[in-house]
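Chemist: For reference, the chains in residue letters:
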Amino acid sequence: MSEKISRRTFLKRSTVAGATAGMLLATKTPGYAQTDKSDENTLIGSLIDLTKCDGCAAYDTPLCVTACRQKNEHRFPQPQKPIKDYWPQKKHEDWSNEKDRTDRLTPYNWTYVEKVQVNWNGKTKDVAIPRRCMHCLDAPCQKLCPFGVIEKTKHGAVKIDENFCMGGAKCRAVCPWDIPQRQAGVGLYMKLVPELAGGGVMYKCDMCADLLEEGKSPACETACPRGAIEFGPYEQIRKKAYERAKEIDGFIYGDVENSGTLTLYVSDVPFDKIDEAIEAKKKAENDTRFGRPHMKPEIENMLETTHGYMLATLIAPIAGAAAAGITAYKVLSGQKKKEGEKQHESKEEK
Amino acid sequence: MSQKKKNKIYRQPLPNRFVHWGVAISIIMLIITGIGQMPVYGRYLIVQPLGTKWLTSYEITLLVHYFFAATLLFFTTYHIVYHVMKKEFDIWPKKGDVKGSYLIIKAMILGQKEPPSEKYLPEQRIAYLYFVISIGLVIVTGVIKVIKNIMGVQPTNGILFWGAQLHNLATVMVILGVVMHLAAFIVKENRKLLPGMFTGYVDEEYVKERHSLWYKELKKRYEKQS
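If you're matching them up, the sequences are chains A and B in order. Just so you know, we're using full-length UniProt numbering here: the first sequence kicks off at 1 and counts up by one. Just so you know, we're using full-length UniProt numbering here: the second sequence kicks off at 1 and counts up by one.
Worth flagging that the hints you see were computed from the coordinates, not collected in a lab. Be careful, since some hints might not be right.
[As the list claims (entries may be wrong)] If you anchor each label on the Cβ, the simulated ranges turn out as follows: (1) ASN119/A with ILE25/B: 51 to 59 Å; (2) LYS113/B with GLY325/A: 36 to 44 Å; (3) GLY325/A with ARG191/B: 29 to 37 Å; (4) SER57/B with LEU311/A: 37 to 45 Å; (5) ASP272/A with ILE31/B: 37 to 45 Å; (6) GLY51/B with ASP210/A: 42 to 50 Å; (7) GLN335/A with LYS95/B: 25 to 33 Å; (8) THR52/B with ASP272/A: 31 to 39 Å; (9) ILE31/B with HIS74/A: 40 to 48 Å.
Keep in mind that this is a model prediction, so the values were computed, not measured. Beta carbons: idealized from backbone N, C-alpha and C, even for Gly.
Isolated chain A (complex conformation) (with noise of 0.2 Å):
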């Protein structure tokens, strides 16, 4: 398990980005440098037990996805008909027509359960694993919406706000399990200029912010009959998710993955597998569109790659600064050396 290495990997980050924040703003602006540890007593973090799942194997639909769906049928997209193309491409996304879709992550439905038969062990295996945003502890779609129009609650729950997002769709895209799904036909673009700019509005899970915020479980926790979701202190759950993975000799996803999410899966058979399920199944489907997220192991976050930048971006105006200092001095001591020679001259005429 990487256990250690995540955590100390975890901290170290931790400490880096709080120093270097704290230096540049924290004087100034008490509170924005923040780190994830300075966090860690108010994220709430869940655990997808998978060995207790069985995809509520009874009934039509999993009982996590009908509560998700039933507590959010509020805030669903009702589009203005006709949809229009996003001009100049002639395509538009619209789930309209596939509301009671709940095999996959729509605008309709912000958590399915993937079920999938894996091989491990010389045996085969049927996991069923609930899927839904996975709310990172550093989540690029946050961090890049170009709008700041996603927040994270105090509890960590990542949150569209549905009244400004212009469905650009660029938090899916940077999003390394494509999870926000888009609406066309909805949302503020509709009140500006729909033809020729917007996308709709992005629609996912937000944890049950409101009922986190009033202190009760997110509607997938109560609804699941088998306790194969639960929700608590990011800590207490981290906690336990290793405990639990000792246990059974299993593995963990989704503590190092993305640089860390406050979801934390724990499953007897490893994930590569469990991922390669997904990828044959919606091979074998003919499944390319969005809204089945994949489960590759150890993905990186792509705010990692730009450390390097963000250092020559601090140093720049140092070096700019010495630069100038340097070609100022030379520029000043030569005339001044000039003025010198000419009163020496002028001195010697008289």
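Mind docking chain B on chain A? Use the hints.
Modeler: Same frame as chain A, but now just chain B:
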């Protein structure tokens, strides 16, 4: 007039041209890659011109954006430090510049003689202030954006929202500024300034006629030196 050339005046020393073109290239690349951070190229560039595929990658455009953000910071800091050390503030706006600009534009439209000017025309000084404000805002919000992208830093929702909104606003301001800056050369009288940013020199006759106050000052300085 330290640099001498027949019938020419040395208007833009090397450090000025270095900063001007450095800032210009940085800003052009920042606009191109910044637009790449919006969901624009993937949607509107149906036909992908050769060599522009990278523009549709958020990751690559972000890295290139960072690179030119660093060069912009380098050149702007250089500009400030250099001119403060040399105590050169010719381009800084002065009292009465708004009225002065009006009089010059009026004279240009009516074909009258322009009021005498210093090294920079009043409207050039106002344009400079506009760039100071817009580029300043784009830099401040940009630095905030760089910091918020550091792993482990969690900005508040307000910082994230206003950082993005003001950065976008400042970008629009800079784009408008660049358009206005280039549009100034539609006016024939202004075109004589162009060689200054390439070779450093402009025609002496032009300076004598349009920047007569500066010309007098240069003459006085030259006489004192010789």
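Chemist: Hint by hint, say whether it matches the structure.
Modeler: Cross-check of the supplied hints:
1. In this structure, ASN119/A and ILE25/B meet the distance hint of 51 to 59 Å, their C-beta atoms being roughly 56 Å apart.
2. At about 43 Å, the beta-carbon gap between LYS113/B and GLY325/A stays in the expected band of 36 to 44 Å.
3. A beta carbon spacing of about 35 Å between GLY325/A and ARG191/B agrees with the range 29 to 37 Å that was offered as a hint.
4. For SER57/B paired with LEU311/A, a C-beta distance near 22 Å fails the hint of 37 to 45 Å.
5. Here the CB-CB span from ASP272/A to ILE31/B is close to 42 Å, well matched to the stated 37 to 45 Å.
6. Separated by about 48 Å at the C-beta atoms, GLY51/B and ASP210/A satisfy the suggested range of 42 to 50 Å.
7. Look at GLN335/A against LYS95/B: about 29 Å separates their beta carbons, and that is inside 25 to 33 Å.
8. Judged by the Cβ atoms, the range 31 to 39 Å given for THR52/B and ASP272/A holds: they are separated by roughly 36 Å.
9. In this structure, ILE31/B and HIS74/A meet the distance hint of 40 to 48 Å, their C-beta atoms being roughly 41 Å apart.
In this structure, only the earlier hint numbered 4 is contradicted, and the remaining ones agree with it.
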